[in-house]
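Enquirer: Full structure from sequences and hints, please.
Letter 19 of the sequence shown, counting from 1, is numbered 20 in our numbering, and no numbers are missing.
What the hints contain is simulated information worked out from the structure, not anything from laboratory work.
You may find that some hints are simply not true.
Listed below are the simulated BS3-like cross-link pairs for lysine-lysine, each with C-alpha atoms no more than 27 Å apart in a straight line [stated by the list, open to error]: (1) LYS19 <-> LYS69; (2) LYS19 <-> LYS9; (3) LYS84 <-> LYS41.
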Amino acid sequence: MKIFVKAKPNAKEEKIEKIDPPSPNGFGRASDSHFMVSVKEPPVEGRANKSIIKVLAEYFNVQQSDVKIISGHASKNKMIEIK
2 MKIFVKAKPN
12 AKEEKIEKID
22 PPSPNGFGRA
32 SDSHFMVSVK
42 EPPVEGRANK
52 SIIKVLAEYF
62 NVQQSDVKII
72 SGHASKNKMI
82 EIK
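Expert: Spelled out as structure tokens, the structure:
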């Protein structure tokens, strides 16, 4: 499964929110694959990315090794694959 994540480093608390955009025709949602992930770690030396992987692994109830950042390592907008 691939999801799109908007990262929010340096947050007060760690949390995950679904932020799915509306569907193009105006009814319902386009998909369930957009999330905002807030983490306490700063975006320094990959610490925020590691924390995002940890939080997503807990949220989806998978091992951390099953969560991989495909693109956006240095960006707030990331594409992540979850096995």
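Enquirer: Are the Cα positions of LYS19 and LYS9 separated by 27 Å at most?
Expert: 13 Å, holds
Enquirer: Would the hint linking LYS84 and LYS41 be met if the CA-CA limit is 27 Å?
Expert: Holds. LYS84 to LYS41 sits at ~25 Å (cutoff 27 Å).
Enquirer: Keeping to a limit of 27 Å between CA atoms, is the pair of LYS19 and LYS69 held or broken?
Expert: Between LYS19 and LYS69 the Cα gap is close to 19 Å, so the pair holds against 27 Å.
Hint compliance for this structure: every hint is met.
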